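Asks: Sequence:
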Amino acid sequence: MKKYLCFDIDNGTFRYGIVSQCLDLMDSGRMTFGMSCKEELFEPLCDVAARYKDQVDGISITMPGVIDRKKGIAYSGGVFRWVHNMDYAEEVKELTGLKTVIANDAKAAAMAEIGYGALKGIRNGMMVMILGGGIGGAVIMDGKLCDGAHYAAGEFSYMRADYQDRYGKNGIFSQTSGVDSLAQCVNEATGRDDMNVIRIMMRLQQNDPDVLRGVNTYCDGLASYLYNIQCVIDSSRIVIGGNISEPVFLKLIQEAVHRRFENVPYHNIWEPEVVESDFHSNARMFGAVYNYRQLMENAD
Numbered sequence: 034m035k036k037y038l039c040f041d042i043d044n045g046t047f048r049y050g051i052v053s054q055c056l057d058l059m060d061s062g063r064m065t066f067g068m069s070c071k072e073e074l075f076e077p078l079c080d081v082a083a084r085y086k087d088q089v090d091g092i093s094i095t096m097p098g099v100i101d102r103k104k105g106i107a108y109s110g111g112v113f114r115w116v117h118n119m120d121y122a123e124e125v126k127e128l129t130g131l132k133t134v135i136a137n138d139a140k141a142a143a144m145a146e147i148g149y150g151a152l153k154g155i156r157n158g159m160m161v162m163i164l165g166g167g168i169g170g171a172v173i174m175d176g177k178l179c180d181g182a183h184y185a186a187g188e189f190s191y192m193r194a195d196y197q198d199r200y201g202k203n204g205i206f207s208q209t210s211g212v213d214s215l216a217q218c219v220n221e222a223t224g225r226d227d228m229n230v231i232r233i234m235m236r237l238q239q240n241d242p243d244v245l246r247g248v249n250t251y252c253d254g255l256a257s258y259l260y261n262i263q264c265v266i267d268s269s270r271i272v273i274g275g276n277i278s279e280p281v282f283l284k285l286i287q288e289a290v291h292r293r294f295e296n297v298p299y300h301n302i303w304e305p306e307v308v309e310s311d312f313h314s315n316a317r318m319f320g321a322v323y324n325y326r327q328l329m330e331n332a333d
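Under our numbering, the first residue of the sequence shown carries the number 34, and numbering increases by one thereafter.
Simulated from the structure, these hints should not be mistaken for lab results.
Be a bit skeptical, because a hint or two may be false.
In silico DSS-like links for lysine-lysine, alpha-carbon gap of 30 Å or less [stated by the list, open to error]:
{"hint": "1", "residue 1": "71", "residue 2": "132"}
{"hint": "2", "residue 1": "103", "residue 2": "86"}
{"hint": "3", "residue 1": "35", "residue 2": "132"}
Since the structure is predicted, the reported quantities are computational estimates derived from the model, not experimental observations.
Go ahead and model the full structure; you've got the sequences and the hints to work with.
Replies: Structural data, given as structure tokens:
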């Protein structure tokens with residue numbers, strides 16, 4: 034059975050693990066690293082790769098940024114400012130001696146759903162990831178991940194809704210619909226300043242009316258963005274993933290989306306099904322496997 038060393042690189046930490054072609058996750062762990070230059074990341078990454086080199090077929094990396102996964106080039110790296118038009122996969126291959134592929138992290142999560150989960154068999158769909166730093170996204174067209182002409186399809190974070198603030202960042206999707214925005218909506222509704230995801234979900238399950246009001250405000254804003262995306266993509270299914278997996282939260286998102294589509298004076302836009310991600314915390318690792326098998330093994 035083939036095995037792959039997968040790295041999910043985030044802001045100052047990376048998760049690693051050996052994942053089989055059947056998605057068995059083995060020997061996983063986390064490491065921290067510095068952010069100022071590539072050596073601070075590549076040194077611990079190479080240490081892990083050396084440990085597992087004889088056990089795996091290759092390396093698959095997921096990371097922030099605009100990435101041409103077919104060529105292995107990272108045009109940008111999100112929070113990693115030193116990434117610019119970088120032949121990332123080739124550099125890691127030369128350092129580790131292992132075949133390497135890379136992918137944008139949100140798109141990797143979508144590939145997990147396309148290959149093995151909630152988007153399998155879906156012709157046109159989208160994935161929206163609610164994250165601490167904003168919104169991740171991916172577009173599925175004709176059953177495949179849509180990369181876009183500049184490898185930035187699905188960069189929903191930069192969509193704008195507040196046209197009173199045309200050039201600022203306060204009216205963009207990442208600022209209004211990330212996890213921090215959820216906490217802000219609930220703080221305003223409850224008159225508190227200490228609400229976080231754990232407290233919010235606990236209070237939701239206790240039917241706290243003020244928390245429910247704040248979460249509904251957040252969900253209504255999210256639903257408006259999803260409506261706008263749907264006008265362009267015409268998806269049959271939206272998969273919600275990211276940092277929050279409680280069923281009560283997904284139910285409120287579903288209800289908000291339904292309200293948004295019901296309360297328009299015209300009904301030419303089809304209301305998509307809204308479902309939960311199948312994988313959540315493992316989505317990017319499993320998507321890394323799917324990406325490797327597609328690019329290196331021509332697997333479906």
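Asks: Run every hint past the structure and note whether it holds.
Replies: Going through the hints against the structure:
This hinted pair checks out: residue 71 and residue 132 have alpha carbons roughly 19 Å apart, not beyond 30 Å. Taking the CA atoms of residue 103 and residue 86, the gap is about 23 Å. The hint holds against a cut of 30 Å. Using a Cα cut-off of 30 Å, the hinted pair residue 35 and residue 132 holds, with the two alpha carbons roughly 13 Å apart.
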